[in-house]
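Protein chains in written order, with my numbering: chain A, 51 to 468; chain B, 305 to 641.
Be aware that a few hints might be false.
[Said to hold, decoys possible] With a straight-line cut-off of 16 Å between C-alpha atoms, the simulated EDC-like cross-links for lysine to aspartate or glutamate are:
{"id": "1", "chain 1": "A", "residue 1": "K129", "chain 2": "A", "residue 2": "D117"}
{"id": "2", "chain 1": "A", "residue 1": "K231", "chain 2": "B", "residue 2": "E412"}
{"id": "3", "chain 1": "A", "residue 1": "K345", "chain 2": "A", "residue 2": "E131"}
{"id": "4", "chain 1": "A", "residue 1": "K160", "chain 2": "A", "residue 2": "E431"}
{"id": "5", "chain 1": "A", "residue 1": "K232", "chain 2": "B", "residue 2": "D506"}
{"id": "6", "chain 1": "A", "residue 1": "K428", "chain 2": "A", "residue 2": "D443"}
No lab work stands behind these hints, which were simulated from the structure alone. All values derive from a computational prediction rather than experimental measurement.
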Amino acid sequence: MAKNQNQFSGGNSLNQLYVPQPTARPDGFNDFSHLHIPDVEQAACPAIDCSPHDMRDLAYGLIRVLDDDGNAKGNWNCKIEPQRLLQGLKDMLLTRMFDERMQTMHRVGKISFYMKCTGEEAISVAHAAAINFEDMVFPSYRNQGILLARGCNLVDMMCQCLSNARDNCKGRQLPIMYSWKKGNFFSISGNLATQFSQAVGWAMAEAQQGGNRLATTFVGDGSTAELDFHSALNFAATYSPPVILNITNNQWAISTNQVIAGGEKTTFAARGIGFGLPSLRVDGNDFLAVYAATKWAADRARAGLGATVIEYFTYRVAPHSTSDDPSAYRPKNEEALWPLGDPIERLKTHLINLNEWSEEQHNILIEEIKIKLKKNYKQAESYGTLKTGDRPDVTTMFEDVYEDMTLNLRRQRQEMGL
Amino acid sequence: MAQMNMLEAILSAQKTMLERDDKVIILGEDVGYFGGVFRATEGLQAEFGTNRVFDTPISENGIVAAAIGMSINGLRPIAEIQFADYIYPAFDQIASEAAKLRYRSGGEYSTNITIRTPCGGGIRGGQTHSQSPEGIFTHVTGINVIMPSNPYDAKGLLITAIESNDPVIFFEPKRLYNGPFYGEPDKPSVGWDTHKKGEVPDGHYSIPFGEAAITRAGEELTIITYGTMVHVVETAVEMTGVDAEIIDLRSLAPIDYDSIINSVNKTGRCLVAHEATKTGGFGAEILSIVQENCFWKLRAPIERVAGWDIPYPHAFEWEYFPGPKRISNAINRIMEA
Chain A
51 MAKNQNQFSG GNSLNQLYVP QPTARPDGFN DFSHLHIPDV EQAACPAIDC
101 SPHDMRDLAY GLIRVLDDDG NAKGNWNCKI EPQRLLQGLK DMLLTRMFDE
151 RMQTMHRVGK ISFYMKCTGE EAISVAHAAA INFEDMVFPS YRNQGILLAR
201 GCNLVDMMCQ CLSNARDNCK GRQLPIMYSW KKGNFFSISG NLATQFSQAV
251 GWAMAEAQQG GNRLATTFVG DGSTAELDFH SALNFAATYS PPVILNITNN
301 QWAISTNQVI AGGEKTTFAA RGIGFGLPSL RVDGNDFLAV YAATKWAADR
351 ARAGLGATVI EYFTYRVAPH STSDDPSAYR PKNEEALWPL GDPIERLKTH
401 LINLNEWSEE QHNILIEEIK IKLKKNYKQA ESYGTLKTGD RPDVTTMFED
451 VYEDMTLNLR RQRQEMGL
Chain B
305 MAQMNMLEAI LSAQKTMLER DDKVIILGED VGYFGGVFRA TEGLQAEFGT
355 NRVFDTPISE NGIVAAAIGM SINGLRPIAE IQFADYIYPA FDQIASEAAK
405 LRYRSGGEYS TNITIRTPCG GGIRGGQTHS QSPEGIFTHV TGINVIMPSN
455 PYDAKGLLIT AIESNDPVIF FEPKRLYNGP FYGEPDKPSV GWDTHKKGEV
505 PDGHYSIPFG EAAITRAGEE LTIITYGTMV HVVETAVEMT GVDAEIIDLR
555 SLAPIDYDSI INSVNKTGRC LVAHEATKTG GFGAEILSIV QENCFWKLRA
605 PIERVAGWDI PYPHAFEWEY FPGPKRISNA INRIMEA
């Protein structure tokens with residue numbers, strides 16, 4: 051019998067292992083013409099107490115507010131005041147330029163690792179704008195926009211990336227694995243999706259204690275395949291806690307396209323339907339749509355109506371990390387052809403249409419941010435880098451494993467001569 | 305002082321803490337209305353309400369993750385994993401999250417969860433209801449690993465676990481729930497009602513982690529063990545007539561170095577016994593401690609008696625179980641060396 055031939059096949063089996071492939075690899079071409087982008091005015095906006103059963107279409111469609119010309123339209127246009135939009139634009143721009151600055155610092159060897167969120171800024175920034183500062187964030191590793199929108203100190207963030215004497219994680223975590231308790235921002239793990247189910251527990255405790263805060267948490271399209279994703283939706287459906295379960299579908303998990311996470315035959319938002327959870331699919335590059343969907347879910351949670359699943363459809367313009375080169379697995383110009391555009395450009399156009407902003411003001415803002423980042427980075431580096439200057443005090447290396455240092459740790463610290 | 309079996313002591317510890325601290329809550333499979341498959345939470349939901357004691361979906365990963373999240377929001381959760389054999393889906397949440405949260409966040413965040421889980425065999429549970437996976441968890445720094453051997457210790461240690469601000473895995477040797485087990489399955493079972501360690505105070509008391517108990521003082525040989533094996537070892541010692549010192553570790557992480565080292569330095573002989581499989585088991589760590597600290601006082605090679613390196617077989621439960629005969633043989637070998 052030939053190798054690999056099943057003894058039961060008789061040579062005429064209809065079964066074949068199907069391994070989905072992305073639309074194109076580096077030698078191919080993908081202009082996303084296969085995607086159906088619904089019209090801005092198509093998606094209905096249900097009342098927050100709508101039964102999940104009656105709003106299933108929203109898990110398969112696409113909630114949009116900004117049309118191709120940068121005008122706000124449709125049922126999800128919640129008419130955000132221009133000041134708030136302007137702040138969103140500033141925060142998104144700061145996020146993008148912060149990323150670029152840190153990427154550069156990686157290139158010149160000042161930091162060991164970095165992860166940009168280019169093209170995904172609206173998701174974090176608009177989401178943060180639509181919830182309260184007191185609401186608890188259980189982030190993934192590409193939510194730096196939330197930190198920046200919440201006003202986290204730039205020097206503190208840079209010091210974490212530099213693993214220097216001022217790093218609040220005391221040099222224990224890779225760059226970008228931030229923790230900011232005062233900002234109600236949970237410690238980033240690095241183990242995928244673990245925060246998703248923890249956020250549900252946090253929200254259960256909030257409900258148990260009769261509080262009015264909500265939890266919000268993020269996961270990528272790839273890590274929806276993790277056990278924690280299922281546990282999170284299951285517990286969220288069972289106990290109805292105030293939590294928003296966000297899926298950033300940027301289509302790439304390192305080199306693995308979302309088709310390998312089961313994204314080919316249905317949407318990620320539709321995962322929520324089987325659990326009886328309201329599930330929204332949103333244009334992730336549309337600041338106004340992300341804001342509106344988040345606001346809807348937050349209002350619902352605060353009304354005691356439980357969890358919402360939101361998928362943000364976007365494209366990972368950046369490499370996975372500084373250790374990744376996307377040209378090895380996807381067409382080089384793919385991001386340029388992404389039909390939902392760039393979130394910063396889209397909001398900028400909208401604000402210009404509203405006569406609230408101008409190209410000139412935009413360019414001035416860019417210059418201001420450049421100066422601010424430069425100044426802050428200079429200060430951060432004065433506290434040391436991983437390679438030069440002050441590192442965190444090495445005697446702290448054995449601390450915080452337990453609340454009180456155990457005997458084995460004390461002895462090992464002595465053995466090190468500390 | 306009341307006479308309690310180990311289940312009643314564990315129930316009493318939880319009740320005591322639910323009464324004392326309104327941040328304490330209990331979650332797990334079947335723990336609510338039904339009171340747990342072993343009845344370790346019996347009556348607690350009726351007394352404290354569904355807000356404090358509630359059932360969960362069959363999702364060990366979800367249970368531990370939810371407990372961690374709840375602890376971040378100010379609660380003090382006790383999570384029951386119905387059998388230690390079922391704990392593996394929660395391993396990522398325990399080893400990557402609970403154990404490392406305080407460290408990775410520079411001390412900003414930490415979790416106080418207590419995970420209670422019945423372990424060990426001798427109840428005809430087959431390979432999925434008999435395992436002793438403590439050695440998998442003692443290798444994870446950042447968690448406390450506890451295994452009591454009697455009702456008094458169970459209550460005092462469980463209260464310490466619940467009050468601890470670090471994560472604790474609390475292994476309950478289920479063969480001991482209703483009475484001490486001396487390793488002789490054909491003999492009639494005995495209860496805790498006549499055992500000294502079945503005397504348990506009704507109220508609050510705690511036993512610190514990292515303190516072993518010397519359950520039998522002796523001069524000729526040190527036997528280091530924990531859980532069900534504490535009682536099995538007693539039988540073996542009686543069979544041989546050797547004047548052995550029996551150390552019940554109670555707390556594996558943190559471990560009581562001094563009790564181990566002082567005893568072996570005194571007796572010059574050492575045997576380690578546990579029910580878990582041998583290779584890579586926690587016994588190897590104890591051997592290392594003894595070897596590093598007592599080598600020049602040793603008069604015989606250290607021995608280990610443990611479960612064979614096989615899954616716990618249903619039909620051959622007592623052939624797997626490291627019973628009094630295997631232990632007494634080892635004692636005799638050590639004494640003759």
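TODO: Take the C-alpha atoms of K345(A) and E131(A), compute the straight-line distance between them, and say whether it is at most 16 Å.
DONE: 14 Å, holds
Task: 16 Å limit on alpha-carbon distance, applied to hinted pair K232(A) and D506(B) - done: The hint is violated at about 41 Å.
Task: Straight-line alpha-carbon gap K231(A) to E412(B), limit 16 Å - done: Between K231(A) and E412(B) the Cα gap is close to 6 Å, so the pair holds against 16 Å.
- [ ] Would you check the hint for K160(A) and E431(A), treating anything up to 16 Å between C-alpha atoms as holding?
- [x] Holds - the C-alpha atoms of E431(A) and K160(A) are around 9 Å apart, at most 16 Å.
TODO: Could you grab the alpha-carbon distance between K428(A) and D443(A) and see if it respects the 16 Å cut-off?
DONE: 21 Å, violated
- [ ] Decide if the proposed pair is consistent with the structure: K129(A) and D117(A), CA atoms, cutoff 16 Å inclusive.
- [x] 14 Å, holds
Checked against the numbered hints above, the structure breaks hints 5, 6 and satisfies the rest.
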